[in-house]
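Novice: Okay, here's what each chain looks like letter by letter:
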Amino acid sequence: MKKIVLLILINLLFSAAITYGQPVRIAYLQSDIHQLPCWVALEKGFFKKEGVKVEVAGIFKAGPELMSAFAAGALDMGYVGVAPATTAVANKTARVVVLAQVNTEGSAIVVKKDGKVQNIPELVGKSAAVPGHATVQDSLFRRALLKFKTEPDQVKIMVLKPPEMIGALRTDQIDAFIAWEPYPAKAVTMGVGRILASSRDIWKDHPCCVLAADVKFLEMQLEKAKGVVRGHVKAIDFIRQHRDEAIKIGMKYTGMDETSIRMAMENVNYTPVLSVEGEKEYVDFLTKLKYIKVEDVQNFVDRFMRPEFVKEIIKK
Amino acid sequence: MGLDFLELSKTFPGKGVGESVHVLENIQQRIENGRFVSIIGPSGCGKTTLLRIIAGLEKASAGKVLLDGKELAQGTEEVGLVFQEYALFPWRTTLQNIEMGPEIKGVDKEKRRSKAMEYINMFNLNGFENRYPRELSGGMKQRVAIARTLIMNPRVVLMDEPFGSLDSQTRNALQEFLLRIWEKRGDTIVFVTHNVDEAVFLSDQIIVLSKRPAQIVKTFEVGLPRPRDRTGQECNEIRREVLKVLSEEIK
Amino acid sequence: MKKEHFLIPLVLILIWQGLSSIQVIPSYKLPSPVEILLGFKDLLILGVPPGNLLHNHVLYSLYRVALGYAIAALLAIPLGLLMGWSSGLLKMIRPLFELVRPIPPLAWIPIAILWFGIGIKSAAFIIFLGAFFPILLNTISGVLSIHPILIEAARTLHAREKDIFLKVLLPGAVPSIFVGMRIGIGIGWMTLVAAEFTGVKEGYGLGYMIMTARDIQRPDEILAGMLVIGVIGLLIDIGLRAIESRMIKWQ
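Protein chains in written order, with my numbering: chain A, 1 to 316; chain B, 317 to 567; chain C, 568 to 818.
Source of the hints: derived by calculation from the structure; they are not laboratory data.
These numbers were taken from a predicted model, which means no experiment stands behind them.
Heads up, some of the hints might be wrong.
[What the hints assert, rightly or not] Calculated cross-link-like contacts (lysine-lysine; reagent style DSS-like; alpha-carbon spacing at most 30 Å):
hint, chain 1, residue 1, chain 2, residue 2
1, B, Lys425, C, Lys734
2, A, Lys316, A, Lys53
3, A, Lys280, C, Lys596
4, A, Lys288, C, Lys608
5, B, Lys425, C, Lys816
6, A, Lys234, A, Lys147
7, A, Lys113, A, Lys53
8, A, Lys293, C, Lys608
9, C, Lys816, A, Lys156
10, C, Lys816, A, Lys161
11, B, Lys431, C, Lys729
12, C, Lys734, B, Lys421
13, C, Lys729, B, Lys386
14, A, Lys147, A, Lys126
15, A, Lys126, A, Lys116
16, A, Lys149, A, Lys112
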């Protein structure tokens, strides 16, 4: 009898040790300058300094793909657009909550440099690329159209991955695209495109990327999650105070030149503070587009967003 | 007037360098028009090669084949060939197989259809016009093959062991059938066979070839009137003689 | 189709539905049969993305496949006949094809987009690549499998090269051509859906529909879409087989 109890105890200790010792599985989006705080935290060891071991469990081409990884249980935390995260949670494919903001703004609509389209209403009947359905950029683009009294149906919206967008614009496959920085900046420095409208023209201070955590992971490893958020806040401070070094890190992770990265970062606002109002607008918008069906918006947002994490850290 | 073989020889290149297979050696023979002549010889001696040369499927290495004094042109309509394995086109019906020749020639549909139907009747193939070769018996297939050749009215009909793969009853029936057709038409028939009984029953003349390289060993005139008694004394005698010559060659 | 054939799938579906209802199988990983059915209804009526209905996705996909496939067949069949017929041509061209063939059609997507842009032309090109080789190779093998004696039979009926090509090679190779065509359309259909993953200009296509369902996190619509794709692939194959058996009555 003693032997069995001993065995069980050792087993439990062992598994606890393993789970305790296992690194936090984190993911981010490829070549998306919004994710800079993640890269800075990794490069400068901010997560490690908070006592948390982190491993990059995935680098994704767009938000929906990252959310699929959450759904499969392959991620603990992720840097992702708030729109795909909202969609996944509303459609019950992933169980995550948002612990911190990563950035606001930071996208732009790009058209051909010497092209026919001079303003948004001229997009009627033309084709435009978005990185995916139910992404932040998709929502932004439709919002821009509506703001300028154009019906989204009148524009041929198609899905392309951001790395393909510049090439497609250059060869006139599309007339416009909307993407996260640094792609708009790159299009400009390459002489291919010009910015028709940036996020602040469309929806000032709109929330963009967030730091999300798997619900089960949060329950079991609350302290680790807090550690990651602290590292994240530190990284954002660092970006504000050591811009040049941050730019270098951005260049490393996107493989792009300094001019483009510098220009890109002008368009991005890094902040850890969550915007609950902004989220409500997304939920409304996605519901109108029939991507999701949320009856009680307040309830949904309350359970989805956890501003208390960052508030606690900032207070200190 | 007839079919003449003048010093006909054929050599094939062998497997090794500089090697060659000597198949036919100095074949010299006349076959009178309208005669039924059998060619008999040991296996692999070159009987088929000889037919193929006459039909234009092979070229002689030396010598000529003449018909009524003129050299045979490639693809001439004067000569037709019936293969041992029937060689019917499996995707064509009986009717379509028979009319293949006229079709290639460009005869218009109605004419060639009615001509083909004549042959269907002649060859007792009624009821099977629209069947495919896989649905026909061996004997029927051979009749279709012969009809297909005869519809082109060649003056010389070459037949390469046409009844070789049939059972003896069917074979006998087809031999009699062939004779009836031939007697009405009067073409020259050059008939290759293994089977001495068959040769004796059918032919005016039997040419015996040696083993490779094949030369003409002996020719036999079979003067017997038709229809012949297969097991009769005269046939037996000729058969004995032919077998004697053949067995010498097979040694 | 006997009743017993449906028994096992039906039982499996019932077990699946049962396990899903009690959440042994969580619905975000694998929706239940009922949820998939409802997802199918959404595909039909609501559309994915909303407003783009299923029947339009199907039509656009079929159109792309038909275009690429038609070009593949129109090129591969004559070329295959020629390559089967001329061993010289075969030897010359074959190494080039053997080099290109192992490259998966999907690997061509970036190049296809560079050459043809994002639109039906690049999708048709990818389909073309997938369908071309099976049709070509099976056509060649179809010609090579024609018994040489059939070609000789045609020659004895005075066929010229053109006649041999049209009246012997083509009909003789038809069974193999059909095998190649069925394989080709299967690969073409599979490749199309994957090719549409990378983006379609018009906003319609079954592959694009599934990717969108993934983007908006609707696994029930994903699976319903997959079923549609499978069923259409099946129907296409059944259709081809029906045509085939009508055309190849002679086998």
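Novice: Confirm or reject each hint.
Specialist: Going down the list of hints, with the structure as the test:
no.: 1; hint: Lys425/B to Lys734/C; result: 16 Å, holds
no.: 2; hint: Lys316/A to Lys53/A; result: 23 Å, holds
no.: 3; hint: Lys280/A to Lys596/C; result: 27 Å, holds
no.: 4; hint: Lys288/A to Lys608/C; result: 19 Å, holds
no.: 5; hint: Lys425/B to Lys816/C; result: 22 Å, holds
no.: 6; hint: Lys234/A to Lys147/A; result: 36 Å, violated
no.: 7; hint: Lys113/A to Lys53/A; result: 45 Å, violated
no.: 8; hint: Lys293/A to Lys608/C; result: 16 Å, holds
no.: 9; hint: Lys816/C to Lys156/A; result: 50 Å, violated
no.: 10; hint: Lys816/C to Lys161/A; result: 51 Å, violated
no.: 11; hint: Lys431/B to Lys729/C; result: 24 Å, holds
no.: 12; hint: Lys734/C to Lys421/B; result: 13 Å, holds
no.: 13; hint: Lys729/C to Lys386/B; result: 28 Å, holds
no.: 14; hint: Lys147/A to Lys126/A; result: 18 Å, holds
no.: 15; hint: Lys126/A to Lys116/A; result: 10 Å, holds
no.: 16; hint: Lys149/A to Lys112/A; result: 22 Å, holds
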